[in-house]
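Enquirer: If you want the building blocks of each chain, they are given just below.
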Amino acid sequence: DVKVTQSSRYLVKRTGEKVFLECVQDMDHENMFWYRQDPGLGLRLIYFSYDVKMKEKGDIPEGYSVSREKKERFSLILESASTNQTSMYLCASKGAGPQHFGDGTRLSIL
Amino acid sequence: AQSVTQLDSQVPVFEEAPVELRCNYSSSVSVYLFWYVQYPNQGLQLLLKYLSGSTLVESINGFEAEFNKSQTSFHLRKPSVHISDTAEYFCAVSATGRRALTFGSGTRLQVQP
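These protein sequences, in sequence, are chains A and B. So the number in this note's numbering is just where the residue sits in the first sequence, counting from 1, plus 28. So the number in this note's numbering is just where the residue sits in the second sequence, counting from 1, plus 4.
For reference, chain A alone in the conformation it holds in the complex:
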């Protein structure tokens, strides 16, 4: 069974901090994704990666960056956190089949 693990379930940070969200998958999938989930908006794609060191912008990349140095790990970086980045963040991975999701990180920026 595919396992996508997000390092934190809950995280509280301050405005202006640099924030790292980590995601690890155990199925050797090429593709990994970061979404944010907000009430009434569903999930919106921030970035995705289709190979090590390869990335593409999603629909809402502003204020975020990503890093994929190893195939199993995909990091989302908030360069300078702002209150409008308070949200639920979901990581997913995909091989030949559908996307598999982690349990999410609920991030609060104070």
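There's no promise every hint is true.
[Unchecked claim] Okay, derived cross-link-like pairs now, DSS-like style, lysine-lysine, Cα gap no bigger than 27 Å in a straight line: (1) A:K46 / A:K83; (2) B:K53 / A:K85; (3) A:K41 / A:K85; (4) A:K31 / B:K53; (5) A:K46 / A:K98; (6) A:K31 / A:K99.
[Stated by the list, open to error] Derived coverage of chain A by chain B (criterion: at least 3 residues anywhere in the stretch with Cβ under 8 Å from a Cβ of chain B; other residues may be distant): (7) 70 to 84; (8) 126 to 137.
Hints were generated in silico from the structure; no laboratory data involved. By construction, the Cβ of each residue, glycine as well, lies at the ideal position given by its N, Cα and C atoms.
Starting from the known structure of chain A, fit chain B onto it as the hints suggest.
Expert: Below, chain B without anything else, positioned relative to chain A:
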């Protein structure tokens, strides 16, 4: 580009009643269609998918969805719901050959005793 519209943000229903959660999509190319379910404090789980072939697809827990190309719809149905079906349901679409998904805004199904 693709877009997904879930017409109902909340659907209250009594236990053992039938339910339909509506999903319409827009795309200029062929698509794959998905329904995901999110139980409280959990990530999304795949419920069912349409890739090709039979337009009626079923899940292991009694849900089914029918792909209707002419109406660009992929509505989710269950003939008799349980309390345990209470969750948020997301419809999603991807263009064939594209890796990323486009999600609808979600429908919260509330099953009441």
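Enquirer: Hints numbered earlier in the text: which of these fail when held up against the supplied structure?
Expert: none
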